Each structure stands twice: as C-alpha cells, then as structure tokens.
Amino acid sequence: MSYESPIREPLVNGGKTYADVTRDILRPMENKASKGWWIGFTVSAIVLGIWIAASTYTFLTGLGVWGLNKTVGWAFDITNFVFWVGIGHAGTLISAVLLLFRQKWRMSINRSAEAMTIFAVLCAASFILSHMGRPWVAYWPIPLPNAFGTLWVNFNSPLVWDVFAISTYFSVSLVFWYIGLIPDIATTRDRAIGFRKTIYNFLSMGWNGSTRTWHRYEMISLILAGISTPLVFSVHSIVSMDFATSLVPGWHTTIFPPYFVAGAIFSGFGMVLTLLVIGRVVLKQEEYITMGHLDAMCRVVMLTGTMVGLAYITEFFVAAYSGVEYEQYAFINRASGPYWWSYWIMMGCNLIAPQVFWTKWARSTPWFIFVMSIIVNIGMWFERFVIIVTSLHRDFLPSSWTMYTPTLTEFMILFGSFGLFFTLYFLFIRYLPTINMAEVKSIIPTHSHDDHGSHAHAEKGETVHG
Amino acid sequence: MGHTTAIQLREEKFVYTDKAKRLSYILMGLGLLLALIGFFTYHPSIEGLSEEQLHHLPAKRLLGSLLFNGYFFFLISTLAIIFIVISQLANAGWYVAVRRVFEAMSEFMPIGAITLFVVVFLSLYAFHGGIYHWAHDGVMESDPLLAKKTWYLNKPFFLIRLATFTGFWVFCASMIRKFSRQEDQLSTGLTDTTFFDKSYNLSALFMIVFGFTFSMFAWDITMSVDAHWYSTIFTIYNFATGWASAMTVAYLITWYLRKNGYMQGIVTDEHMHDLGKWVFAISMFWTYMWTAQFLLIWYANIPEEVAYYAPRMYGSYSFSFYFNLVLNFVIPFFMFMKRGAKRNPKIGAIVGACILIGHWNDVYLMVMPGAMNLATAVTDHNPVGIIEVPSQGVGLMEIGFLSLFAGLFLFIVMKGLTKANLYPTKHPYILESVQHDTGV
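Those protein sequence lines, which keep their order, are chains A and B.
For the first sequence, position 406 matches number 405 in numbering that gives the first Met the number 0, and the numbering has no gaps at all.
For the second sequence, position 168 matches number 167 in numbering that gives the first Met the number 0, and the numbering has no gaps at all.
Hint data in this document are derived by calculation from the structure and do not stem from the laboratory.
There's no promise every hint is true.
The list that follows gives simulated cross-link-like pairs (lysine-lysine, DSS-like), each with its CA atoms no further than 30 angstroms apart [claimed, not checked]: (1) B:Lys197 <-> A:Lys103; (2) A:Lys359 <-> B:Lys177; (3) A:Lys359 <-> B:Lys197; (4) B:Lys414 <-> B:Lys276; (5) A:Lys440 <-> B:Lys276; (6) B:Lys276 <-> A:Lys103.
Please read all numbers here as calculations on a predicted model, not as lab measurements.
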C-alpha cells in the first residue's frame with residue numbers, strides 16, 4: 000500500500016476490519032428482504048408494467064399514437080434515449096477514468112454506478128427499438144449479409160455508428176462490471192449454504208483467491224480500463240454526431256462531441272447521487288459512502304455543470320458572432336420562442352443551480368444534495384428536449400413550422416422507463432454486493448496491523464521509512 | 000512500501016551554468032539574425048498579384064510569424080500553470096515533486112503576453128490591419144457579413160480583452176508561485192495547510208475565470224484571423240494544443256534535470272511514466288478535438304465552414320495539414336503507448352520533439368493561411384473580399400522566430416528554476432509524491 004498524507008480524510012470511517020467490511024456489505028443480501036425493499040420493488044414493477052403496456056400499445060398500433068409530426072420527427076423518443084445514454088456514462092467513467100487517475104474514493108461507489116450504467120443503457124436501447132416503430136425489424140441497422148441482394152446499411156450514417164458505439168459500450172461495461180464482481184461473488188459463495196451456494200459458486204467462475212487469480216484480475220482490470228476510457232468519450236461523441244453531422248442550425252456545431260460527453264458525466268453523477276444519497280442510509284453504508292464521497296461527487300457535478308454551461312454560452316455567442324441569421328434565429332428561438340420555458344429550465348438546472356455547491360453547506364447536507372440531484376436529472380432531460388425539439392419545430396420552411404405536443408402514451412413510456420431502471424436496480428441491491436468489498440479492503444487503514452507504519456513518522460515531518 | 004531507506008527532503012537548488020546559458024543566447028541571437036535575413040531577403044513574386052499587393056506581404060509574414068510563435072510559447076507557459084491549478088483542485092499528490100518545473104515554465108507568461116499585445120497592437124494600428132483581415136480600413140463597412148461583427152470585432156475592445164485577460168492570468172500565476180515559495184519557509188511540518196489552502200482557493204477562482212476568458216482569447220487571437228469563419232470547439236482545440244505542448248515540455252525538462260543529477264531519489268522513473276501518460280493522454284485529447292472539428296465540418300460540407308479547410312487540406316498548405324496529424328497523433332499513439340517508452344529518455348526525446356514540432360506546425364496552420372491573405376474590394380465575384388495568397392512555406396522568418404522564442408523561453412524557465420528549491424519541501428503531499436509508485 001502506498002503512503003498517504005495525514006491531511007487526507009480517510010475513505011472509510013468507523014475503524015473497519017476486513018471482517019466488518021464483508022459483514023456490512025453482504026448484510027442486505029443475506030438477511031431476509033426488508034419491507035422497504037419489497038415496497039420499492041413492487042412500486043418499480045408496477046411502473047415497469049406501465050412501460051410494458053404503453054410500449055405494447057405503440058407497437059400494436061403504430062407510431063401515430065405519439066405526438067410526432069412531419070416537422071418534428073424526433074422528440075420524446077430520442078430525448079429519452081440520449082437522456083438514458085447520458086446517465087449510463089458515470090459508471091464507466093468512475094470505474095475506468097477514475098481508476099486511471101487513481102482516485103481511490105471511486106472504490107465505494109463504482110459497483111453501483113456501473114450497475115446503473117448497464118441498466119441505463121438498457122433503457123436507452125429500448126427507446127431506439129421503440130422509435131423504429133417496427134421492433135421486429137430491429138436487426139436492420141446491423142450490417143448482415145441479407146436476402147435482399149447487395150443491400151447494406153449506410154455506413155456513412157452516424158445512426159449506424161451509434162449502433163456499433165452503444166453495443167460496444169454496453170458489452171465492455173458489462174464485462175468490466177462482471178469481472179469486478181467475481182471476487183465478491185466468491186466471498187458471497189464462501190458464506191452461503193445450500194442452493195444459494197450452488198448459484199454463487201457457478202457465478203464466481205471458480206475463483207479461489209490465489210495469487211494467480213488476483214494477478215490476472217489486476218491485469219484484466221487495467222486492460223479493460225484502458226479499453227473503456229476511449230469508449231466513455233466515443234459513445235456520447237457519436238450520439239452527438241447523430242445531430243451534429245446534419246445541416247440543422249442548433250445541431251450542426253463542432254463543440255457537440257465534448258459538450259455531450261461533459262453533459263453525460265454531469266447527468267450520470269446526478270443519477271449516482273440520487274441513488275446513493277438514499278442507498279447509503281437504507282443499506283446502512285454511511286461509513287463506506289461517506290460525506291467525503293458525497294462532497295467529491297458534488298464537486299464533479301458543479302464542474303461538469305459549469306462546463307456544459309460554458310458550452311451553452313459558447314454556442315449562443317458563436318451563433319451571434321457567426322453573422323449567420325439561421326444560426327442566430329435558432330438560438331433566439333430557443334431562449335424566447337414558444338419553448339422558452341424549456342430553455343430556461345435547462346439553463347437554471349444545469350448551469351445556475353449547481354453553483355450552490357461552491358458552499359460547504361450544500362456539499363455536506365444530504366437532503367439538499369438529493370434535491371439537487373433531481374434538479375440535475377430534470378435539467379439534463381430538458382437539455383436534450385431543447386436541442387431536439389426547438390431545433391426542429393421551426394425548420395427551413397416557415398410554412399411547415401409547427402409545435403410538438405407529447406401524448407399520454409409518450410409520457411407513460413418515459414415514466415415507465417424509470418420502472419425498468421429501478422426494477423433492475425432493486426434486484427441488483429438484493430442479489431449482488433453493492434460495494435466492491437475486495438477493493439474497499441485494500442484502502443481501509445491498517446494502523447492496527449502495522450504500528451510502525453508511515454503515519455507515525457510523517458508527523459515528524461521530514462523523514463519517512465517505507 | 001516502496002523504499003527501504005529513509006527519504007531526505009533536502010535543499011536542492013538548480014545551478015544555471017554558463018554553458019547552458021550560452022545555448023539560450025545562441026538560440027536567441029541566431030534566431031534574430033535568421034529572422035532579419037529572412038525578412039530582408041523576402042521578395043515574393045506571385046502570379047496575379049500587383050507590385051502594390053506584394054508589397055504588403057513581408058510585413059504580414061513578419062507579424063504572422065511573430066504572433067504564432069509568441070502564441071505557441073504563451074500557450075505552453077499558461078497551460079503549465081493550468082496543469083498545477085487542475086492538479087491542485089483534483090487534490091493530486093503525485094505531481095508535487097515536479098511542480099516547480101511547471102512553475103518555472105509559467106514564468107514566461109508575462110513575456111508571451113507582452114509579445115501578443117505588441118504584435119496585435121502593431122497589426123491593428125500600425126500596419127492597417129496587418130494579419131487581421133477585419134481590421135483593414137474599410138473592410139468592416141464594405142463586407143456585409145463582417146459588418147455584423149463590429150460589436151465584437153473592433154480594435155479597442157479587442158485590445159482591452161487581450162490586456163485584461165492575460166493580465167489576470169499572469170497575476171494568478173504569480174500568486175500561485177508566490178504561495179508555493181512561501182510554503183517552503185514553513186516550520187510547522189507537513190500538516191500545515193496554510194498555503195495549500197490559499198493556493199486551492201485561488202486555483203478555483205482562476206479555473207472558472209480562465210474557462211470563460213480563454214474562450215474569448217482563442218477566438219480573438221487565432222479564430223479572428225479568418226474572420227468569416229467560426230467553430231464552437233475552436234477554443235478547446237487551442238487548449239488541447241497548448242496543453243499537449245506544455246506536458247511535453249515539462250516531461251523533457253524533467254528528464255534534462257534528472258540527467259544532470261538533480262532531484263535524485265525525489266523524482267523517479269515513476270514520475271516520468273506518469274508525465275509520459277499525460278503527454279500521451281493529451282495528445283489523444285487533441286486528436287479528439289481535431290476530429291470533432293474536422294469531421295463535422297467535412298461531413299456537413301457547408302461552404303462557409305469548409306472555406307477554412309479547403310486551402311489547408313487541398314491547397315498549398317496540404318503538407319502541413321497531414322504532417323500535423325502524423326506528428327501529433329500517429330507518432331505519440333504508436334510510439335508512446337508502451338510503458339517502457341515513457342520511461343526511456345531516448346524515446347521520450349524523439350516523441351517529445353515530434354509533438355513539439357507538430358503543435359508548432361498546428362499553430363502555424365491556424366495563423367499563417369489567414370494572415371497572409373490580402374484584403375480587396377467586396378464584389379459579386381469575390382463576396383468575402385479576400386485574395387488568397389498561396390503558402391509561402393516555412394522559411395527563415397518562421398524558423399528564426401521559433402529559435403528566438405525557444406531561446407528566450409529556455410532562458411526564462413532555467414532562471415525560474417533557480418528561484419526556489421527544485422521541489423517543494425513543505426507541501427502536504429510531498430512525501431506522497433516522493434514515494435509515488437504507478438503500480439504497474
């Protein structure tokens with residue numbers, strides 16, 4: 000273990016031993032499900048039912064049940080898609096980028112953030128399927144040899160790139176998440192009996208904790224982190240190109256790729272905060288997900304919120320500077336046209352609201368952080384709505400200018416997708432360890448075992464024995 | 000734990016030897032001489048241009064070369080302090096041992112800022128616009144597109160922005176250096192965070208202000224050279240160019256110091272590895288920004304936008320255009336991905352040199368094509384009022400000013416290194432940094 004400065008806050012509180020870590024983190028899995036879990040799970044499942052009902056209705060009837068029209072051909076569907084893909088960014092960012100940056104505070108939150116990533120990408124994929132209108136031909140964007148002659152997908156289309164980007168991202172995230180789970184699943188297995196043991200034994204893939212398995216685990220983690228890092232950037236960059244390669248004013252702008260990535264990290268951390276501020280209390284993990292963790296996440300939210308804010312202002316400024324009247328109109332229409340309220344919700348939630356995290360109070364008050372995390376989620380949903388709907392509804396031909404109004408079915412699908420997300424999340428916290436025990440054990444202070452360690456000497460200031 | 004012997008944080012000063020100084024003097028003297036020869040022997044003859052038009056070119060080339068060289072080194076020194084700011088805000092520990100290298104690099108900022116101010120001032124007022132097309136007499140009035148930009152592109156506002164932005168950055172950088180040096184005088188041990196906190200708070204303010212002001216700074220200095228054109232990512236692209244160069248310079252200077260026997264046992268191969276990773280990572284970040292800008296403009300193929308890339312990609316600048324990608328992306332990607340490469344001073348020097356030449360070429364490519372163009376009357380045949388001047392290549396003027404600024408930069412940085420201990424001795428994270436282990 001490397002030396003740490005005495006001014007750093009401990010990452011795990013409560014003087015935990017290795018046994019404490021195992022016991023604390025496996026408690027929600029090994030006990031009987033609490034009443035709270037059953038309530039949460041049931042509510043989520045009901046909401047999931049709404050999603051199934053509304054989607055089925057759409058598939059059986061056709062996309063006419065949505066509020067789309069000739070001018071606004073994308074609206075709630077793609078807004079929801081980008082919203083969920085964005086949320087699906089924090090997990091891999093935390094586990095890959097923060098791993099490369101050696102940010103050890105990630106260790107208590109990476110597991111649940113990665114799980115969240117996978118569920119969010121599933122939600123996003125569902126919108127891709129449903130916006131096609133005919134999900135039974137959903138394999139058409141895949142370049143398969145086909146029975147229609149030499150008919151191939153259009154490789155020049157960013158929509159096809161998206162299929163590759165997101166499926167790659169999903170598979171790598173899933174593998175990364177599962178590899179990280181293996182040592183913990185083995186721990187679960189070792190404590191389990193009966194049929195439970197059989198299942199976890201199967202899932203642990205023969206992990207025996209030997210040096211050889213650990214060595215391979217470390218290597219594959221590093222390699223997967225290296226592969227995931229460009230993916231974190233590429234996925235949302237390519238999602239942004241769905242818009243930015245077009246000629247539509249408000250869509251075609253070169254800042255889109257990094258601006259979408261910053262927004263995705265922002266919204267992903269927003270969702271991580273929503274889940275963990277509640278989860279750490281309910282699952283009694285306050286000593287693992289400490290106030291220090293919440294503080295660090297609030298800072299990330301503030302930083303990325305300011306970055307997207309800077310991008311909004313840049314777009315606005317450059318439109319003014321460009322002298323191109325179409326660009327200028329697109330942005331004036333956003334801020335003062337019929338959808339002005341959505342623009343100002345976006346600005347207020349994403350740029351202005353996160354500035355409260357400059358104060359220590361805001362970063363250390365859990366209920367307030369929770370409220371802020373909801374605001375961030377709302378703001379980022381509206382960002383995509385603003386980009387998509389306000390750019391489309393007044394297009395190049397004033398005679399086709401129109402408004403878009405979502406239908407009840409669309410609201411039900413949006414609402415229902417949270418049911419899909421939370422159902423999966425509740426199953427996750429019931430059946431898998433929500434904190435990476437193996438990694439957390441590597442960062443708990445070891446004073447009790449190693450009294451002649453670095454801390455004692457560091458206080459003298461000058462000399463340290465390693 | 001990594002080391003078995005006791006670590007001694009000792010006083011260690013850099014000695015700037017006469018021999019090393021001579022190198023700077025030679026670079027500066029030779030550079031000035033070459034630039035002057037270049038200027039006086041530059042008699043362009045370009046088909047289709049009148050004597051009167053050709054007459055403007057030497058001054059344009061002189062100002063353009065001065066501007067992009069000054070800009071290049073100003074970016075390097077500014078991004079050096081920004082690296083410290085970011086590391087401070089991220090609560091990083093590993094970088095502390097090499098922090099003074101970045102601090103010394105930032106010492107060049109005032110000279111860079113003054114150079115930019117003087118060149119811009121001369122361009123705007125003494126040379127009838129010089130390298131800035133929009134600043135030529137009558138252009139803003141007769142060009143309907145540029146007429147819409149007078150609220151932003153006008154001479155006094157331009158100079159006020161330049162002076163206040165760079166002034167504020169120079170001030171913040173000097174305060175951060177001051178806090179760092181005052182910290183060395185502490186006698187209260189490594190848990191005293193007085194100056195650490197001061198530096199942290201200033202860094203937060205600086206970073207926010209820098210984010211917004213650097214945007215306008217890059218639009219002004221380089222984007223407004225091609226005044227008709229715009230790109231929202233341009234700022235971040237400039238930021239990436241400067242950052243990649245700054246990390247490379249810091250990496251090379253640190254190798255130089257270690258090769259000369261400094262910081263033994265303090266800065267190790269582990270630090271070189273991590274600095275090398277930064278060089279690699281920011282080179283990839285630059286490539287990402289380059290792709291975002293180029294791909295989206297190329298794909299959409301809107302005339303107003305591709306007008307920027309057409310002369311660069313298909314015209315007389317096409318060599319520089321592809322050279323840029325090879326040096327700034329292909330070489331670091333293939334040569335610097337491996338662990339061993341980043342820990343090897345020979346490979347590091349080769350890759351570092353390529354990256355620096357590459358980014359110098361990148362700023363050349365941002366400034367010179369637009370700077371050399373001539374202003375003419377706006378007509379139906381020529382709605383932008385520009386006569387394109389083919390590339391005049393990289394000649395004595397460009398190389399001369401590169402040598403002059405490189406010599407000056409080295410001189411200032413080496414002088415800067417002598418001003419304090421070669422690494423902070425009382426920084427709360429110094430012991431973390433000294434025992435840094437990349438883990439692979």
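The hints, checked one at a time:
For the suggested pair Lys197 of chain B and Lys103 of chain A, the alpha carbons sit about 25 angstroms apart, so the restraint of at most 30 angstroms is met. Proximity of Lys359 of chain A to Lys177 of chain B is assessed by CA-CA distance (about 27 angstroms); at most 30 angstroms being required, the pair is judged to hold. Taking the CA atoms of Lys359 of chain A and Lys197 of chain B, the gap is about 16 angstroms. The hint holds against a cut of 30 angstroms. With a CA separation close to 27 angstroms, the supplied pair Lys414 of chain B and Lys276 of chain B stays within the 30 angstroms bound.
At most 30 angstroms may separate the alpha-carbon atoms for a hinted pair to count; Lys440 of chain A and Lys276 of chain B meet this at roughly 28 angstroms. At most 30 angstroms may separate the alpha-carbon atoms for a hinted pair to count; Lys276 of chain B and Lys103 of chain A meet this at roughly 19 angstroms.
In the structure shown, no violation is registered for any of the earlier numbered hints.
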